[in-house]
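A.B. asks: In case you want the letters, here they are:
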Amino acid sequence: MADKTSSNAYWAANIRVITVSMVVWFVCSFGLGIILRPALSGIHIGGADIGFWFAQNGAIYVFLVLIFAYAAKMNKLDKEHGVEE
Amino acid sequence: MDQFTLNLIVIGLSFALYFGIAFWARAASTSEFYAAGQGVGPVVNGMATAADWMSAASFISMAGLIAFGGYNNSVFLMGWTGGYVLLALLLAPYLRKFGKFTVPEFVGDRFYSTSARMVAVICLLVISITYVIGQMVGVGVTFARFLEVSTTTGLLIGSAVVFAYAVFGGMKGITYTQVAQYVVLIIAYTIPAIFISLQLTGSFLPQLGLIGGYAPSGGDVAFLEKLDSVVTELGFAAYTADTPNMLNMFLVTMSLMIGTAGLPHVIIRFFTVPKVSDARSSAGWALVFIALLYTVAPAVGSMARLNITTTFWPGAVTGSAFSAPAVSLADIQSNPELSWVNNWQKTGLLAYSDLNGDGLIQYVSEPAAITAANKAIADAQAAHDAAADADKPALLQAVTDATAARDALLAETKVGKAEDSPTYAELGLVGNELTTVNNDIMVLANPEIAKLPGWVIALVAAGGLAAALSTAAGLLLAISSAISHDLIKGALKPDISEKGELLAARISMAFAIVLATWLGLDPPGFAAQVVALAFGLAAATIFPVLMMGIFSTKVTKEGAIAGMLVGLISTAVYIFLFLGWFFIPGTNVYPNTPDAHFFGISPAAFGPIGALLNFAVAYIVSSMTKAPPQDVQDLIQSIRVPKGAGAAQAH
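Line order of the protein sequences matches chains A and B. So that you can map any letter, position 22 of the first sequence is 53 in this note's numbering, and since no number is skipped, the others follow by simple counting. So that you can map any letter, position 7 of the second sequence is 56 in this note's numbering, and since no number is skipped, the others follow by simple counting.
Worth flagging that the hints you see were computed from the coordinates, not collected in a lab. Hints may contain errors.
As the list claims (entries may be wrong) - Computed, partial: chain A to chain B, Cβ under 8 Å: (1) Y41; (2) I49; (3) S52; (4) W56; (5) G62; (6) I65; (7) A79; (8) Q87; (9) Y101; (10) A102; (11) M105; (12) N106; (13) D109; (14) E111; (15) V114.
The C-beta atom is built at its ideal place from N, Cα and C for all residues, glycine as well.
Please build the complete structure, drawing on both the sequences and the hints.
C.D. replies: Shown next as structure tokens:
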């Protein structure tokens, strides 16, 4: 196991990355796709209003980018804190 | 060559492929049986996870649900993909670092208690068995439809196929078979979608077609706008119409997301990769392969909906639905391009009836008042026919009165939603004449409706079977490992040899297949409702307990056990209140209607509330009980850092 101080700093950094990612996750699906849809009905992407597009397609693309960005960021953090495999 | 022979050839070839792979990749050790020797790369594991995850419901039913539910059913699209973000960020890397074989094993070690492990086994079995029932029904229905046998025979053939490769192959065999099944199902899904998108929008990519222009009228009108105008003209809700209940939509989406992240058969797929960093990226790859189908599904649903509507209202292709007569009975019988209507009527998924006797089949959304008025006439007529001669004149008057009341209703009811929409009487309609349109027809009949060649239809058959079989195999593995590894080795007979455990795993899988087949023959309640239960329970039990186990150092065994039990019982009771105790029809306390639901929360939306109750109870109970011991604190610190993952620990 890594020494305590290093793993505490690593864990705190990990929690920060997770928190930011979860905000993005929530905003693109529940936010834009459901709660904000009525407010944003004037904005269109092609033939769909933006809320509809996020609910049926857009949120999925954001999820994809989010997971790979998280994986890349964590690989970097693993190395910085010397806890990589 | 006729369609049936073509189906047989394509399905037979795909099965030969699965059997070949299963023989090549058969499991020789418990590590291979439970976790494929932890040697599966992240991309391959992602593909296998996608096949494991996408069931008959995703492949056959989802596009139809979206086609008829429109925007409101986006819950499936967001819910069944957003869960992978939770898996990648909150569960998969830490559980892989833990490095053992099953979900209950983690619960038992982290919460230092065999009782906690057994409660987790119970939750896992309830979730996986309810889920596998739906899959076996799907296997039976799909085999029956494409092999032209009874549903029972179809189910038995399907069980035999799963038995052959899952029992011998274990996780290793299942993984590589699922990769092949993924390839078959994604080709089968996307080829018809691309053709239809080209026909309707001129766009090669269905994802762009969905937001593109409608080609048959020149491309100036957006496809979605065209679809909305056609369906509302016939009295249906617009495809893009807003949800009637935002809170419920929010909660259903959340339930599906955290339920996905809490499904044991999905979680155990992340035990198969070699490293912690692979577990993170593998969730991303899984979502890549899932997104290939899920981003296409709304295009398939909406385009098939427009196709089926314009088939019955040819005028709607370029103008108003009522600008030309509806499709005629004579055309349905003789036009080869419409032969699919009668083909699918045989299966019961589609039914029509010329109610007004004008030789045309008019497809409209029939208001409940007209349905009731027509039924009143039929009831009065039946009473008249059954009565003694002396009573007939009075009863004949009742028939006349009912007919007059119905006709008055027809004269004042508009077909569409617009102000200038014609009334039923003006169009000479007495009701909707396309009496049955099953959701599943949107995918199953899609190639025929779009006039695609026979080999595409055969491919869709093989794809539907691949989707159902791959999910059933993954679930059966989760069930058998919970029995052989957690129940037998973990509690009943800890000194069992590896060879003995491998045999026990195979026997429990065989037993699970027999049980699932038996339940599939006589499913309790509706398969779709049963799946809602599985997601709700996964959301309210497995997801919270895993998350607390990783992210909190304070939650104790008493807290975890109390939390799981509260999540399990509250969610199950809420669902049973509306759907009947153990889904037995007629035993529900309240009717399953939006008005009767507490705060408008449907049974399928209760998962997040069960999860909150689970978290709350676990924290309160933990604060009152003795903190977890030092070796558990060390375990938590160790799963939080990737260093030192390696192979599964012997134990």
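A.B. asks: Does each hint fit the structure? Answer for all of them.
C.D. replies: The hints, checked one at a time:
| no. | hint | result |
| --- | --- | --- |
| 1 | Y41 | holds, 6 Å |
| 2 | I49 | holds, 5 Å |
| 3 | S52 | holds, 6 Å |
| 4 | W56 | holds, 5 Å |
| 5 | G62 | violated, 10 Å |
| 6 | I65 | holds, 6 Å |
| 7 | A79 | holds, 5 Å |
| 8 | Q87 | holds, 4 Å |
| 9 | Y101 | holds, 6 Å |
| 10 | A102 | holds, 4 Å |
| 11 | M105 | holds, 6 Å |
| 12 | N106 | holds, 6 Å |
| 13 | D109 | holds, 6 Å |
| 14 | E111 | violated, 13 Å |
| 15 | V114 | holds, 4 Å |
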